[in-house]
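K.L.:
Residue numbers (this note's numbering), protein chains in the order written: chain A, 58 to 299; chain B, 274 to 562; chain C, 18 to 383; chain D, 19 to 432.
Some hints here could point you the wrong way.
Stated by the list, open to error - Computed cross-link-like contacts, SDA-like style, restricted to lysine to any residue with a CA-CA straight-line distance of at most 20 Å:
#1 Lys163/A - His227/C
#2 Lys163/A - Glu242/C
#3 Lys163/A - Gly197/C
#4 Lys246/D - Met410/B
These are computed hints drawn from the structure, not numbers from a lab.
No experiment lies behind these values; they were computed from the predicted model shown.
Single-letter residue listing:
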Amino acid sequence: MSQLEVRDLHVTFGGLRAVDGMNFDVEQGEILCLLGPNGAGKSTTLDLICGKTQPTGGSIRFQNLEISQMWEFERARLGIGRKFQVPSVYKELTVAENLSVARSVKPGIWHALTSLPVRNSAKMREILDLVGLADKIGEPAGNLSHGETQWLEIAMLIAQDSRLILMDEPTAGMTIQETDRTARIFRSLKANHTLIVVEHDMSFVRTVADRIIVMNQGSKLAEGSIQEIESNEAVKTAYLGH
Amino acid sequence: MDVVLNQAFAGLSMASILLIIALGLAIIYGTMGVINLAHGEFVMLGAYTTWALQNHAGLGVVTALPLVFVAVAAVGWIIEKVIVQRLYTRPLDTILATWGIGIILQQAVRLGVGAESRFVRGPQWLSGNIEIGALVMSNYRIFVISFSLAILVVTWLLMTRTEFGMKLRAVIQNRGISECYGIEAKKVYSVTFAYGAGLAGIAGALITPLFSTIPTMGTGLVVDAFLVVIVGGLGSLMGTAAAALLIGEVTAIFSIVINDTLGRIAVLAGIILLIRFRPRGLFPSDIRR
Amino acid sequence: MQSRLLYDIIGLALFAGVILFGVPALFGYDGFELNTFSRYLSLAIVSMALALSWGTAGLLNLGQAATFGMGSYAMAMHLKLKASGDNLPDFMSWNNVEALPLIWAPFHSLTFTLLAGLLIPAAVGGLIAIFMFRARIAGVFVAVITLAFLVAFQLVVIEQQGLTGGQNGLTGLAPLVLFGWSVDIYSLSFYYLVGACLMIALVFGLYLTHSKFGLILRAIREDSERTRYFGYNVANYQTIIFSISAGLAGWAGMLYALVLEFASPTYMSVSFSLAIVIWCAVGGRESVLAAAVGAILVNLAEGRLSDVFVEGWHLLLGVLFLMVVMFMPRGIYGVIVDAGRAMRRKPVSKKEAQPFETSLNPKRES
Amino acid sequence: MKRREFLGQAGAVGTMGLASGLSVPALLSGVGRAYAAADDIPVGLLFSLTGAVAVVEHTLHDAALMAIEEINAAGGVHGKQLRAIIEDPASDPATYADRARRLMIRDKCVSVFGSYTSASRQAVLPVTEQRDNLYWYPTLYEGRECSRNVMYGGAVPNQQQDILLPWLVENFGKKIYMIGNNYVYPKEENNYCRILLNDLGGEVVHEEYVPMGHSDFSSVINRIRAEKPDVIFSTLVGDSDVAFARQYRAAELDPEKMPVCSLTRSEIEVKAIGGDAAAGHFSSAPYFMSNDTPENQKFVENYKARYGADSVTHFVSEAAYFQVYQFKAALEKLDPANISPTEIRDAAVGMSMLAPQGEILIDPNLHTHLWPKVGQWQSDGQAKVILQSEERITPKPYAAYPGQQCTGDGLVKS
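Next up, chain A with everything else stripped away, as it sits in the complex:
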């Protein structure tokens, strides 16, 4: 049984078939990269999995549970985390508070009413050390630089500790060093987490991807390892070959 099974997934926006019959599986502990030209439906696929968009047809099973009709927060509680293309951290909250919101093992109201907003746990320090924000812990996130904001969001995803993490262009706007560091973090996450990553940076994809799916016009064009994809003729015509 795969961790995530997507079958015949469809979504239509006013006549436009944004995702048109997607089928794929993702295994526990795998890093799957989604490639494709703009408008191929990559981000929409992530939206469908995390619940931002409701599918017009098809099924999404996560850990053998049908999730396509669930609310976003229910899916999140099952263990699906999402990073959006535009960095979205809470700018008015401090770094520590951002992590505390993200650390949502018990998202119920009663628990929230009976807990402190921020606990200085070893886990939190560990995560902050990992992304290099330990000295900014009390800083409002709005004061961080663009790169730091990206790191904070990644830290939040680690804190959330989702089994399946959906990443939309995590390295956009990063320097080469930062991209390398992100790649290292991703590889270290692999042990306990599954990742689906939408990314354009091919060198990054080469470093992290276990498997690649290339999308075009809402459906799967090709699937396989990096070598297989790079030698695929159809992909070359549609995407890589200009």
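Keeping the supplied structure of chain A fixed, place chains B, C and D upon it in accordance with the hints.
P.N.:
Frame of chain A, contents of chains B, C and D only:
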């Protein structure tokens, strides 16, 4: 049957007044996302300007209209420059600020002109009724209905057929990019705000022969106009017109079937349900962002 | 965050000192002044209640006056029944109501009244909240729906004259008897009763905002969408805080009806609702304490200024309010926080001084 | 009880008060009644200068203030000046209650003059009765109140309708259409009207109430057209009345065939309506500005001199004016060192004086005996009196409710 016909006309008449007040609000809201709670006070200023022109210059309501438009638009322009412009980055605060402006305008008029109700004479040539069978229509109300339609058409043309309209729509779509192309968004906002205020002034001039002209006259109107804008769909001119018509007619029908109070309650309940299930309004605008 | 808590605790201690000891001493235990101040304190509760929903969770509730009114009517109904003895309340016989309406009957009991004044507004607030937040209504639409509800509710109350006393409201009330103590509203004990209610409400409010619950609400205020993907049921969080806020408003309403000795549909007017918004904004909507202080200060200023400028004080209030919105968007609280920060370390970050923004536009359906 | 006793008691408790805070209440119940024998006599003016009812209340304020200053200019009372303490309750009942407390408790006024609406009077009532103060209320109202602490200067239903209804039925017909704002005053007037109509064989074709401030009367006018009544019996107030009159006129309904007869429309509303739209319709009131008495000539002259040539007096501002003189006359009967609200009240009962409308008298039930009239509005904004009561009419606050009577001992039920 007679009652139904007459009531349909009454609904149309209420709708025209709602429309003319709501139109300015809709433009301002649609363009810059500012909920102008001082809009009722612009209506009030329009009424008082009409009164002043009639009393001191002997102008009739209809001849005063262009002057009223210019005067109230000027006030709107100044307010936009001095106050509203500083608040575009925090839209919810504009509700509070414009409410404060409303209080100030109201009190300024009260202190300057006095609290008592002022009398504005309706145009003589529009007195009387047209009777078609049992349907009795007041000439002045027919005039207001036609005028509101004319304003709607003019505004629509202005938005779609002129260079200013093109600039305006560009700014609505994306302010940053428009500015790169040399459109001065600030100027566009100022002009739009002034135009919306001017329309409110015209509304004030037109309703003052029917209602009572006091400094607080705008307060009740703004809530209704605001509901019309929301029901119509943000920034949509035709939506605003349709919503005004709908609310006017439904109010008229309810008030004849039940009574005015329950009619109003029913309309409010309907509006709440509508916003709940169609938060983008009846006719969501395609030009908004 | 530590500093926020520190500010609030120091502030609460100072505030409690001023309210409990300073004010009575300052006014020489004068009954009239204490009564006036009791009025301000009860209004402080409704202002801090708005800070919970508006400041913390970003839900601008323009219907706060409706739930406030419900509380005041609950209390007034109890006292009216008491004043009427075995007879029907006078206004009912004027409206040809033959027997005591069913919904009035339980208000003979003080316990029921106190619970009803708190729980009915909370329940109504909760229902409106469920209705709105399940559909993800946000920003200005919350303001519109609550405003329309307020207008409709006030119309119903005025319309149902036989049940509510209509435009005149409920007057001719008996004094409240609490555990055998007949409450004299000009007494220091009554002042302390209201003061204690405010303190309890403030401590409760501070607890809420400084718990993880408050943190999640602030997160929702900033980006409700994002918060959902962390597994929080945003609608439930919003509903709970909305309902708590409405309940507190009802509580404030009960005290207000006691202070003024009548309940009136004007307590449920749009202008009263907007006045609550002003108090909250002037004090600072981010802190419940600041909102309470704002209510007291504005009312105090209104009381004093209207003595000096009989004709012009309304104008002055408008100008004052506009200045606050434009130049002190976070209210007095923001000024104090910024000053405190400036003292601790020299350069004040520009970004922090910015107010928070609440999304005005509906979430785009893409 | 004598004042000195109160002061003694208050002083004793006052010193204790600081020691033990909780015994202070004992002191406070005395505070409101300790009227210091100062150099002047504080009186409160509680009329809204801002907000929705300011249009009317400001004129009441003006009239009362003018009376106070006239009295002061003539040497005051017992050589003491009246000191007017002005508060603006801003048309909000809660603020009325608050400001009334200031006037009665803090400023120790011996009387407060104020308010127009029933709601505001009822808001002021609790503190007035507790402190045994005296509230001078100049407005016509619904009756059904019998406080020993309110001096009612305006007409009650029987004083407005007893001469009016037979005349209406005789001259215009039996079909009456009732329109009013939705609150207690219109409903009570209509209750009483129905009783009179019953005896006269009249008929109510429709009775309807619109919310306060309602301004679009298209539906009402359509219904009037459909029902074809003989008379419109209106108890609309303020802006609603103005809007109704203007739209009635715009709809070309003819006052000769279907007049509006109002219990509330006065010169001040007519000024806003415009003489043309008001002309031909009727109002029932004890006073019109055109009243031809020397007292009225003086009143109108002084008023215009003070507030401008285009200002108007009306039946409520007349009462606001004469009530200050009633207050003065009562004060004159008392020992200047020893005045209190209740003594002023007791001195005022049974007193008669020449008011602009004619000779009026204060009944033991604290309401006023008045001279009802019916006026027809002219296009110059003035009323022509076309019917005048031959005798002064006794106020019967509970006229619609047999078995209840308001007397000098309060409400008596039999």
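K.L.:
Work down the list of hints and note, for each, if the structure agrees.
P.N.:
Hint check:
1. Lys163/A - His227/C: With a Cα-Cα distance of about 18 Å, the restraint between Lys163/A and His227/C holds, given a limit of 20 Å.
2. Lys163/A - Glu242/C: With a Cα-Cα distance of about 18 Å, the restraint between Lys163/A and Glu242/C holds, given a limit of 20 Å.
3. Lys163/A - Gly197/C: 47 Å, violated
4. Lys246/D - Met410/B: 17 Å, holds
Taken one by one, the earlier hints fail for this structure only at number 3.
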